[in-house]
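As they're listed, the protein sequences go chains H and W.
Note that the working numbering has the first sequence beginning at 1, numbered continuously upward.
Note that the working numbering has the second sequence beginning at 178, numbered continuously upward.
Because the hints were derived from the structure by calculation, they are not lab data.
All of these numbers come straight from a predicted model, not from anything done at the bench.
Positions of the beta carbon are idealized from the N, C-alpha and C atoms, including for glycine.
A few chain H residues that face chain W, going by a derived Cβ cut-off under 10 Å, partial list only: (1) A22; (2) V28; (3) I61; (4) A79; (5) L92; (6) G96; (7) A134; (8) L150; (9) A158.
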Amino acid sequence: MTGIEVAFVLLGAVALAAGALAVTTPRVVHAALWLAVALAAVAGCFLVLSAELLVWIQVLIYVGAVVVLVLFALMLTRAPSGPMPPTPRRRLVAAGCVAAATAVVLLITTLATLGGERIDLEAAPFGTAGEVGAALFTGWVLPFEALSVLLLAALIGAIVLTRGRGRSEQRDQEGSR
Amino acid sequence: MSLAYPLIISALLFSIGVFGVLARRNIVLVLVSVELMLNAANINLVAFDAWWADTLHGGQVLTLFVITIAAAEIGIGLAIVLLVFRVRGSSDLDDLGILDERTDVPAEAP
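All chains, please: the whole structure from these sequences, using the hints.
What follows is the structure in structure tokens.
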């Protein structure tokens, strides 16, 4: 086991532990904060796998934007800051069984087919902004542009969903008064 | 580096996400679990990119796209959650049985 493998496994262990805490902790705000830890550890995994640009994007979009958005959503839905009532045992067992089955299937299929392969990190082109940007704007222009339209649609959709309805509701209330 | 490590970590992270989606009752926390599953897929994509030593960087570009779509998904998802909370006064999945055909679901929120 080389040093780089040790670093990757440690980061992966942090991601797994934080992920497990994010889905099991009874306090909702803690779940969002553990998600931030898990996503940051995944960013570290990206760095070990020589994807430099993705590390920054992961930290900016996921750890920055998505976690803040989740925290805001928890705040706006008046999530209790204390512990939530415990999940019914039946549901926990069922979810655990399905998750374990998923893990077994994924591990068997991926490890049986590709488990023996090795990544040559020396030969892998380092994913700097220049390298990925060149690939993005030579071979991936069309999906990139399509995605920008998708983001715009999502932006407008989110605004319409949250604002338009509120205003019409207000109008209804004023009309009924 | 052996390709097995990213594969194992990704498979386990994905299963953790599956568990969260099935076990959590708060809608926002279900979305959090979905993000974990997407990140598990991203680890695989980046690992295969490095394994293949791809000069076109298919894996990393695809990861970029997944992150973008996840950002759009969580934006729309949380907008819907806020709307549901405003209309129904609850962010608990068990309360949202209005489209359920069964008749034994708990009474609707006022």
